[in-house]
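*Asks:* Each chain, written out:
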Amino acid sequence: MTEPVLEIEDLSISFGPAKHRVTIVHEISLRIDRGEIVGVVGESGSGKTLTSMAASDLLPAGAHRDATKWRFEGTDLMDANRAQRAAALGGKLGVVFQDPMSSLNPARRVGSQLSDAARFWGKRSRSDARSDVIDRLRRVRIASPEQRVDNYPHEFSGGMRQRAMIAMGLMTTPSLIVADEPTTALDVTVQADVMELIKELNETEGTSVLLVSHNIALIAEVCHRVLVMYAGRIVEEVAASDLATSARHPYTRALIASVPSVDADPSQELAAIGGVPPDPGHLPPGCAFADRCPLVTDRCRVERPELVNGVACWEVD
Amino acid sequence: MHWGRFLAQRLLRVVVVSIVLVTATFITVRMVPGDPALKAIGMQSDRTPAEQAKALKQARSDLHLDRPLPVQYLETLRSAVTFDFGKSFQTGQKVTQIISDRVGSTLRLALGGTIVMLVIGVPLGVVIGALTNGRRSGLEVGFSGISGFVGSIPPYVLSVIGIFLFAYTWSIFPRIPEGSLLDDVLPSLALGLGPAFLLARVVRVETLDVLQQDYVRTARSKWLPWTRLYARDVMPNVLTPALTIAGVLFSSLLGGAVVIEGIFGRNGLGATLINAVQLGDYPVVVAISLLFGFLVVIANTVVDILIAFIDPRTLVAA
Numbered sequence: 001m002t003e004p005v006l007e008i009e010d011l012s013i014s015f016g017p018a019k020h021r022v023t024i025v026h027e028i029s030l031r032i033d034r035g036e037i038v039g040v041v042g043e044s045g046s047g048k049t050l051t052s053m054a055a056s057d058l059l060p061a062g063a064h065r066d067a068t069k070w071r072f073e074g075t076d077l078m079d080a081n082r083a084q085r086a087a088a089l090g091g092k093l094g095v096v097f098q099d100p101m102s103s104l105n106p107a108r109r110v111g112s113q114l115s116d117a118a119r120f121w122g123k124r125s126r127s128d129a130r131s132d133v134i135d136r137l138r139r140v141r142i143a144s145p146e147q148r149v150d151n152y153p154h155e156f157s158g159g160m161r162q163r164a165m166i167a168m169g170l171m172t173t174p175s176l177i178v179a180d181e182p183t184t185a186l187d188v189t190v191q192a193d194v195m196e197l198i199k200e201l202n203e204t205e206g207t208s209v210l211l212v213s214h215n216i217a218l219i220a221e222v223c224h225r226v227l228v229m230y231a232g233r234i235v236e237e238v239a240a241s242d243l244a245t246s247a248r249h250p251y252t253r254a255l256i257a258s259v260p261s262v263d264a265d266p267s268q269e270l271a272a273i274g275g276v277p278p279d280p281g282h283l284p285p286g287c288a289f290a291d292r293c294p295l296v297t298d299r300c301r302v303e304r305p306e307l308v309n310g311v312a313c314w315e316v317d
Numbered sequence: 001m002h003w004g005r006f007l008a009q010r011l012l013r014v015v016v017v018s019i020v021l022v023t024a025t026f027i028t029v030r031m032v033p034g035d036p037a038l039k040a041i042g043m044q045s046d047r048t049p050a051e052q053a054k055a056l057k058q059a060r061s062d063l064h065l066d067r068p069l070p071v072q073y074l075e076t077l078r079s080a081v082t083f084d085f086g087k088s089f090q091t092g093q094k095v096t097q098i099i100s101d102r103v104g105s106t107l108r109l110a111l112g113g114t115i116v117m118l119v120i121g122v123p124l125g126v127v128i129g130a131l132t133n134g135r136r137s138g139l140e141v142g143f144s145g146i147s148g149f150v151g152s153i154p155p156y157v158l159s160v161i162g163i164f165l166f167a168y169t170w171s172i173f174p175r176i177p178e179g180s181l182l183d184d185v186l187p188s189l190a191l192g193l194g195p196a197f198l199l200a201r202v203v204r205v206e207t208l209d210v211l212q213q214d215y216v217r218t219a220r221s222k223w224l225p226w227t228r229l230y231a232r233d234v235m236p237n238v239l240t241p242a243l244t245i246a247g248v249l250f251s252s253l254l255g256g257a258v259v260i261e262g263i264f265g266r267n268g269l270g271a272t273l274i275n276a277v278q279l280g281d282y283p284v285v286v287a288i289s290l291l292f293g294f295l296v297v298i299a300n301t302v303v304d305i306l307i308a309f310i311d312p313r314t315l316v317a318a
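In order, the protein sequence lines correspond to chains P and L. Per the numbering used here, the first sequence starts with residue 1, numbered consecutively. Per the numbering used here, the second sequence starts with residue 1, numbered consecutively.
Some hints could be false.
Said to hold, decoys possible - Residues of chain L placed beyond 10 angstroms of chain P at every Cβ, according to the derived structure:
no.: 1; residue: 9
no.: 2; residue: 38
no.: 3; residue: 93
no.: 4; residue: 96
no.: 5; residue: 103
no.: 6; residue: 166
no.: 7; residue: 179
no.: 8; residue: 258
no.: 9; residue: 290
To be verified - Heads up, incomplete: computed chain P residues facing chain L, CB under 10 angstroms, no partners named:
no.: 10; residue: 90
no.: 11; residue: 91
no.: 12; residue: 98
no.: 13; residue: 99
no.: 14; residue: 102
no.: 15; residue: 104
no.: 16; residue: 105
no.: 17; residue: 107
no.: 18; residue: 108
no.: 19; residue: 109
no.: 20; residue: 117
no.: 21; residue: 168
No lab work stands behind these hints: they were computed from the structure. All values reported here derive from a predicted model rather than from experimental measurement. Beta carbons: idealized from backbone N, C-alpha and C, even for Gly.
All chains should be modelled from the sequences, with the hints used to inform the complete structure.
*Replies:* As structure tokens, this is what we get:
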């Protein structure tokens, strides 16, 4: 069981016609081992959602994907056609999407939407799939799931819909769950519930998780390993337990510093990272973070640092 | 649980629309120039002016045209409620008889046109939508041009082209009705082709919209065969707006049916209606208008019910 669940190398994602192609994600490599929870953190536009969608073969129409390696549970997906990819991923990769209000089909009953994968990939009968749905809804702590299974999404609250989304990801006991901001739309108590559920699943079923979030505190709490993305590149890769103490990249340090603490003096201004991320169409030749970096040198502006020993920075190593 | 209220609302709408329709028809037929009583008795040269005046008076009395307008209005309303429209001013035949003799032909044509519209319009729109999702801008431009062109050809022009090509040049279809189902093919195509392309345009845009929705991405994440993806997650959401548009197109389709019946030599309500308007044959005009109006309301009610079945959120709004 040493084979990783997911292996991607040199993944680039770009948009637009050949002449004006804008690259959003640059040569990212990603490896998730069995039973591992990997977090991807970064601010809006850093390419973290696109990376997770590429990993689950759900890029939007018009996106171009380039990679040198893409394997799922040992199956090569690089040259696979649609049917082969479906056979490899169907029922084995669960995806939890970020917007619960729009990610469920308004015209279908919740139970029917949830049971699709179990019926097709798990070969469950209609009534078995239905009891599976009720079981999963109960596990995500939806009250009276026997009635709720026949509801339409508009009869669910936002929190319930997000939990139903997560239940959908759990229907077939997948080997990898890709969760894109699974708790961003939820209030704090529900967030904690959902994270607890993901951890529990990871511990009991050995399910690997790719967790995407802008919330570095949440990532540090749940994940084993953290990838920090900035402007479409991984700038740091670090064990979650070491995150607070041994994060080296100035961007990671700034992200950690910007998490407000309960003990902080409320009259003080919150720590923030000055400036905005660069336009993906006009990336600087050097390090993309240079303009916002406290450690910037002349070298940073002309020469781009590669990811070496878990960090992409000239000034730290 | 909202069904009772929903259906009651639709029924009330049928009643209100029918009243408005009767009133509007009542007013407009009386605005048409000419005296229906005079047209009914005709101009007979052997009558003396006194006899002519007497006959006219008699005709007015027979046709209830000498009564005050409010009384005539109430009589019209009553005839609409009881479905007894009396006799034609012109032929003296019972109006219900005139209609029942001809309505079948018109209904078959309208039904045929509707089937052509739906069977061509919906799949064409969905396929072109799926093919032009973020790519093939050439196909998109081509389809917009062709569908806009075909959609704007009036049905009578299509009828003439159709008859010329498929009944004269190649004798595939009969030139005049022969009493078989083949009679209905050409007129249905002429009637439904334009609306089909207009519908396809709307359906294409709706399909593109639905394909970009988050819930389709959710559905794609299940890796089901694409036939299931379209049948379960895409089509229900495309059909809701498509059926609404189809309901609207149905009323213009009905108008087109009235016009092209004559071209195909069909003995339908169209020619009867046009004649009746010209001759001021009030009961016939009111009855046929009411029938057509009723058909439009029924079609749209059927659409609403179908939509409520497909997308239950509409019931909540009711």
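*Asks:* None of the hints should be skipped; say for each whether it holds.
*Replies:* Do the hints match the structure? See the list:
A cut-off of 10 angstroms between C-beta atoms confirms that residue 9(L) is not in contact with chain P; the least separation is 20 angstroms. Every C-beta of chain P lies more than 10 angstroms from that of residue 38(L), the closest at about 59 angstroms, which supports listing it as non-interface. No Cβ of chain P approaches the Cβ of residue 93(L) within 10 angstroms, the least distance being about 50 angstroms, so the stated non-interface status holds. Every CB of chain P is more than 10 angstroms from the CB of residue 96(L) (nearest about 43 angstroms), matching its label as outside the interface.
Remark: the non-interface label on residue 103(L) is consistent with the geometry, its nearest Cβ contact in chain P lying 36 angstroms away (cut-off 10 angstroms). Residue 166(L), annotated as away from the interface, keeps every beta carbon of chain P farther than 10 angstroms; the closest lies near 40 angstroms. Distance check on residue 179(L): its Cβ is at least 44 angstroms (rounded) from any Cβ of chain P, clearing the 10 angstroms threshold; non-interface status holds. Against the 10 angstroms criterion, residue 258(L) stays outside the reach of chain P, whose nearest CB is about 36 angstroms from its own CB.
Against the 10 angstroms criterion, residue 290(L) stays outside the reach of chain P, whose nearest CB is about 36 angstroms from its own CB. Checking residue 90(P) against chain L: minimum C-beta separation of about 4 angstroms stays under 10 angstroms; hint holds. This hint holds: residue 91(P) has a C-beta 8 angstroms from the nearest C-beta of chain L, less than the 10 angstroms allowed. The closest approach between the C-beta of residue 98(P) and any C-beta of chain L is roughly 9 angstroms, which is under the 10 angstroms cut-off, so the hint is satisfied.
Taking 10 angstroms as the C-beta contact cut-off toward chain L, the hint placing residue 99(P) at the interface holds, the least distance being around 6 angstroms. Look at residue 102(P): its Cβ gets to within about 4 angstroms of chain L, closer than 10 angstroms, so that hint holds up. The interface hint given for residue 104(P) is met, as the beta carbon of that residue sits about 6 angstroms from the closest beta carbon of chain L, less than 10 angstroms. This hint holds: residue 105(P) has a C-beta 4 angstroms from the nearest C-beta of chain L, less than the 10 angstroms allowed.
With a cut of 10 angstroms, the hint placing residue 107(P) at the interface with chain L holds, because the nearest CB-to-CB distance is about 4 angstroms. This hint holds: residue 108(P) has a C-beta 7 angstroms from the nearest C-beta of chain L, less than the 10 angstroms allowed. Hint on residue 109(P) holds. Least Cβ distance to chain L is approximately 9 angstroms, under the 10 angstroms limit. The interface hint given for residue 117(P) holds, since its Cβ lies 4 angstroms from the closest Cβ of chain L, which is under the 10 angstroms cut-off.
For residue 168(P), the interface hint holds, since its Cβ comes within 10 angstroms of a Cβ in chain L; the closest pair sits about 7 angstroms apart.
In this structure, every one of the numbered hints holds.
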